[in-house]
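Visitor: In case you want the letters, here they are:
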Amino acid sequence: MPAALELRNLTKRYGNVVGVRDLSLDLEPGEVLGFLGPNGAGKTTTIRCVLDMIRPTEGRIRVLGLDARERSVAIRRRLGYLPGDLVLYERLTARELLRYFGRLRGGVEAGRVEALADRLELVLDRPIRQLSSGNRQKVGVLQAFMHDPELLVLDEPTSELDPLMQAAVHELVREAAGRGAAVFFSSHQLAEVERIADRVAIIRHGELVAVDTVSALRARAPRLVEVRFGAPVDPEPFRALAPVQAVDGQGERLRFAVDGPVDALVKELARHEVVELLAREPDLEEIFMAYYRGEGEAG
Amino acid sequence: MTDIAVRMVRDARRSLAWWAIGVAALVWVNVIFYPSVRDSPEIEGFVEDSPELMRALLGGRESLDILSPAGYLDGQVFALLVPLLLLIFAIGHGAGAIAGEEERGTLELLLANPVGRRRLVGEKLLGLVGLVAVFSAVTWLSSWTSGLAVDLGVSAARMLAATVAAGLLGLLFGALALAAGAATGRRGPAIGVPAALAVGAYLLMALAPLADWLEPWRVLSPFYYYASFDRLVQGIDWGASAILALVTLVVAAGATVAFDRRDLKL
Ligand SMILES: Nc1ncnc2c1ncn2[C@@H]1O[C@H](COP(=O)(O)OP(=O)(O)O)[C@@H](O)[C@H]1O
Ligand SMILES: [Mg+2]
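So the sequences go chain by chain: H and R. Read left to right, the first sequence gives residues 1 to 299 (my numbering). Read left to right, the second sequence gives residues 1001 to 1266 (my numbering).
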């Protein structure tokens, strides 16, 4: 089976502004990939290239084995898309909008829209202009899922939703993946991605800085060593140690990020009075922040 | 394959209703004064005394024609009023078709569906044809009924010929708006470009008889193929209709090419 999504050296420039640079990424059927990055990182740019709404400056995109540009219509038939900036037809009701899109798709399974609306607690017969932003978002989610697509591309799908509805969307995502669909899920919320994604791709300033499973990212990340000394200690000698990547804190409390054997650090610590010592894996938030600051190693 | 066109017409039904009321009222008001104008003694002198330039701009009629039934109907309704309203209507909806959706942002979700960009342009053009057809039908119906009311004596078929010509003219400028919108994604140029072209084309057609050097260029003006007075006297002109329709199709083809090549402005 071909990859659900295959990005090869994707670059998109807007004049002098770089949207994404040299991005390569694969997504397999049945997989949920969290596409994680802060605002302006290039998530929406990447996604719009996949949908053929904008064209790459360089690079190649294949979706479900088909060329993104040449076969865009065939691709979109099998793809569900939730835009990041969702704009709906204000004067239609949700039902009218979904019926319209259903017809453009050559019909969707009977009862599917109603079943999804039930699960998302969406009232279908009210004009969209009267809906809250959360309810609009549900309409967007519904149109992305209603035809059981093979690939779901969701651009920050839960940013407008309350936690309960976030959970409902996560459940839809897991179900879709369970029946073999691939899900490309962009988000700037780490906790969310950690909860539902098999793999995480971290993008920063248009460049991919890491792609891996959450556990591998964690295993590969530097260890954190937190030390309380009996008296204030000069941090400078520690910075000179090769495996020590970063030192912060001051006085009696210092924190070290250590990548590799801790032997040198321990021997240096032994020259002082150590009151307390804690070594642990960083949580994902810390890994993520490290990548954002540009301190993490590229994957 | 007509869902988008049907949607476009349905979304415009409120606008269409107001335009229909407006155009019907204007046609009626103009036509029902025919008997009193015809019988008023001052009117002929007024026409003969008016400057050549002004007569040219009002449709280039000779003074005698203006009191004939076809001349009156043309001068009051078809020469300027109907094409003006139709152009405003068609340009507005042509600009809204793609540029309007793109500016509002609904285009992104619409194009998440399996709809190619060429098909989108084609369906939007089809929707525009539908809207212009309804507008033209209302124009024709109100001319015909008001004509009957005052015993005007211009046949329904001749009125239909003039209305079809007006519809084709409106459609051409509406297609220009659609194309400018498809090429730029912005409503400003989608309205501005066809509006400026329409003013230029009208002036070219109207002023050509007054300047020898302009005369040969008249054929470039779509209004030259409109010639509503001739339609009201002679009936439909297939050749001129074909030219207007063909140019519309060429413009639409240009729109698909331009739209297909560019990034959406989202
Ligand atoms: N249409 C555009 N024109 C110019 N710059 C753009 C455009 N769209 C996005 N950008 C720029 O590209 C970068 C990536 O933006 P975007 O893909 O929207 O990020 P994200 O979705 O991760 O928040 C940003 O610097 C943004 O300002
Ligand atoms: Mg975004």
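Incorrect hints may have been included.
What the hints assert, rightly or not - Short, incomplete list of chain R residues facing chain H, as computed with Cβ under 10 Å:
#, residue
1, ASP1011
2, PRO1035
3, ARG1038
4, GLY1105
5, LEU1110
6, LEU1214
7, ARG1218
8, VAL1219
Just so you know, these hints were derived from the structure itself, not from any lab. Just so you know, even glycine gets a beta-carbon here, dropped at the ideal spot from N, CA and C.
Visitor: Which of the listed hints are broken here?
Guide: 2, 3, 6, 7 and 8
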